[in-house]
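Engineer: All chains, full assembly: derive it from the sequences and hints.
Now for the letters of each chain:
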Amino acid sequence: MPLIETKNIWKTYDMGSIQVHALRGVTISIEKGDYVAIMGPSGSGKSTLMNLIGCLDTPSQGEYFFAGKKVSRMEDDELAVIRNKEIGFVFQTFNLMPRSTALHNVELPLIYNGTPRIEREAKAKKALEVVDLTDRMTHRPNELSGGQRQRVAIARALVNEPSLILADEPTGNLDSKTGLEIMQLFSDLHGNGNTIIIVTHEADIASYADRILHIRDGRIEKDQRVTQEDRIANGTTLQ
Amino acid sequence: MMIFWEIFRMAIHALGVNRLRSVLTLLGVIIGVTSVITIISALEGLTQSIRTEIDRLGPTTFIVSKWGIITSEEGFWEALKRKPMKFEYVKAIEEGCDDCELVSARVRDEMEVKYRNKKISRCFVAGATSEIIDIVDFEVGQGRFHSHEEDVTRRRVAFIGTGIQDELYPFVDPIGKTIKIAGMKYEITGIAKKRGSSFGNNMDNFVMIPFSTYVKDFGTPQNSLDILVKARTLEVMDQAMDQTRVILRAYRHVPYDKEDDFAILTADSIMAALNDITKYLRLGLVGVSSISLIVGGIIIMNIMMVSVTERTREIGIRKSIGARQKDILWQFLFESLVLSLGGGLIGIAAGVILGKVLIGLINMNMSPSLYAIVLGLIISSGVGLFFGIYPAMKAARLQPVKALSFE
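Here the protein sequences line up with chains A and B, keeping their order.
Each residue of the first sequence is one higher than the last, beginning at 960 in my numbering.
Each residue of the second sequence is one higher than the last, beginning at -10 in my numbering.
Among the hints, erroneous ones may be present.
[To be verified] Quick list of in silico lysine to any residue cross-link-like pairs, SDA-like style, CA-CA up to 25 angstroms:
#1 Lys1029/A to Gln314/B
#2 Lys72/B to Asp206/B
#3 Lys391/B to Lys1085/A
#4 Lys391/B to Glu1188/A
#5 Lys391/B to Gln1020/A
#6 Lys75/B to Met230/B
#7 Lys182/B to Gln37/B
#8 Lys383/B to Lys1085/A
#9 Lys1085/A to His1063/A
[Stated by the list, open to error] Some, not all, of what chain B presents toward chain A, calculated at C-beta under 8 angstroms:
#10 Glu(-5)
#11 Val6
#12 Leu9
#13 Gly172
#14 Met173
#15 Glu176
#16 Gly179
#17 Thr301
#18 Glu303
#19 Ile306
#20 Lys308
#21 Ser309
#22 Ile310
#23 Ala312
#24 Arg313
[As the list claims (entries may be wrong)] Some chain B residues flagged as far from chain A (calculated, every beta-carbon gap over 12 angstroms):
#25 Phe(-7)
#26 Leu32
#27 Gln37
#28 Leu69
#29 Asn194
#30 Pro244
#31 Ile317
#32 Ala339
In case anyone wonders, no lab produced these hints; they're calculated from the structure.
The structure displayed is predicted, hence computed values, not measured ones.
Cβ atoms here follow ideal geometry from the backbone N, Cα and C, with glycine treated the same way.
Structural biologist: As structure tokens, this is what we get:
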């Protein structure tokens, strides 16, 4: 059973008199343990697809199964539970709570599923350890560098041990050196058995993944397996 | 349960971040609750002290009067046309009412009283039969009250309150001295115990003389004769009143199909009438003061709306990591509840103090009312809920994708 399976999903936005089809029948299947990049230019529908995969939104048509569960017709609160338990988000703009410490930011998903305080703190500290930020736990986002903020966000994504880590342009707001560190972190997480989907418009970022789904005009244009040659061509080096 | 506590902490945290704004918002509710509680506790205090005053009548005592409680102009003209009360009713009630223990007649007027060169130009002078001392709540402090014999023999004796003593006899013992009432000389036989003041009236400024002496010296007043009756026990109070009513109707020739042309007043009926008269006044006062409470609520709502818009992105982030609608709803509802309850608590304290000051100005004692406090808490949390629910629901129903992309 694939972790993610979409069957001919459409997303249509009603813009008054005209209808905009952001997705036009996308059918994909992603296995557990995959490292997939969704790549396409802006306006291609990749963000829409990410929102649907991340259960932030529901398709206008078609079916979406997450770990065998049909989520395409779920209510907002049911989706919230899936987002909480099964999906860890990493955003381009980090999306941390600006007034809260790194530790509290990482604890937040656990608060919403009612994890008791002691267990919550232990888990959050462990997640911060994974991203190597144990010495920055009591700092607020504005006291952290961009790379550190993104690592807090990754720790927050990891803390519930989700089935899927979904990253939307995770290096978009970072310099290339820091971006590289973050990509290294994702590769490490993948190496530990996590399923990762990265949404990007940059070919070099995409080539860190094992598989690239090229999207254009709301359709999957190409489903590409990444080879070592591709990586060398893109200058993507991994340790 | 625990998640509630965590969400509550988030709300407190968010309020702390916008400290100045929170305090300003609080101010609206504080002013609202303060004004409502001030009014309510002042009214409560007023009612309480009226109650104590009326209770002096005693639970088994009732007054038969031509007047009753007049609540309208027509009522006044109607009562004015009634036949006066007569002294003979006293004897009739004494004989005809088995459940009546004591019956007394009382007349009163304001007159000038004098001792040597000191005088009080408008003093409350009452003529009453000797039984009154056992019917109405005042006690002999020194000397004695006039006797039945002194009454029937129309002796010029007087019983005075401590207020008269203080004014006219500051350095001498008044007992045995004379007092001039409207020019007539009376001998003082006794002084009442101090009763204190109420509504700014000194309750100790009175002179009481025998009923018959009063009638002889000052004539029979047409309108001020009251009959005071004490029932044997509280249990037979109603029977005593019924018997008295029947006797009076017979003596006053009231046709069977007509209403009483006199009134029977008890402490309870006076209180009830008073409450009735002041009902609209109280409602009005509370209503006017509630307006500021509504304004306080609108301020909360307004601030919460701004807050929801400002924090749309935050809501999006919370939803993306798994906050359900009710989690967001409670977070914002807690914020408005904390604001309104916090304002409410401060407002209650301020209101109770202000109410005391207000009541203190007209010289009455007042205990802080639990009722006002509970009411204040209910009102303020009600305001928080009522005005907070819409912004909170607006926040809870935001779509995650839209909220996340909000700039």
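Engineer: Taking the closest Cβ pair, is Leu9/B under 8 angstroms from chain A?
Structural biologist: violated (15 angstroms)
Engineer: Check whether the Cα positions of Lys391/B and Gln1020/A lie no farther apart than 25 angstroms.
Structural biologist: Satisfied, since the Cα-Cα distance of roughly 19 angstroms is no more than 25 angstroms.
Engineer: Quick one, are Lys1085/A and His1063/A close enough, alpha carbons at most 25 angstroms?
Structural biologist: holds (13 angstroms)
Engineer: Hint Ala312/B vs chain A: min CB-CB distance below 8 angstroms?
Structural biologist: holds (5 angstroms)
Engineer: Does Lys72/B pair with Asp206/B here, judged by a C-alpha cut-off of 25 angstroms?
Structural biologist: holds (23 angstroms)
Engineer: Taking the minimum C-beta separation from Phe(-7)/B to chain A, is that value above 12 angstroms?
Structural biologist: violated (10 angstroms)
Engineer: Check the non-interface label on Ile317/B: least C-beta distance to chain A beyond 12 angstroms or not.
Structural biologist: violated (10 angstroms)
Engineer: Beyond 12 angstroms on every Cβ pair: is that true for Pro244/B relative to chain A?
Structural biologist: With a cut-off of 12 angstroms, Pro244/B remains clear of chain A, as the shortest Cβ separation is near 76 angstroms.
Engineer: Restraint: Arg313/B near chain A, CB-CB cut 8 angstroms. Satisfied or not?
Structural biologist: Because about 4 angstroms separates Arg313/B from the closest Cβ in chain A, which is inside the 8 angstroms limit, the hint holds.
Engineer: If you take the shortest Cβ to Cβ gap from Glu303/B to chain A, is it below 8 angstroms?
Structural biologist: holds (7 angstroms)
Engineer: Any CB of chain A closer than 8 angstroms to the CB of Ile310/B?
Structural biologist: holds (4 angstroms)
Engineer: CA of Lys383/B to CA of Lys1085/A, is that 25 angstroms or under?
Structural biologist: Roughly 36 angstroms separates the two Cα atoms, so the pair is violated.
Of the numbered hints listed earlier, those contradicted by the structure are 3, 4, 8, 12, 13, 14, 15, 16, 17, 25, 31.
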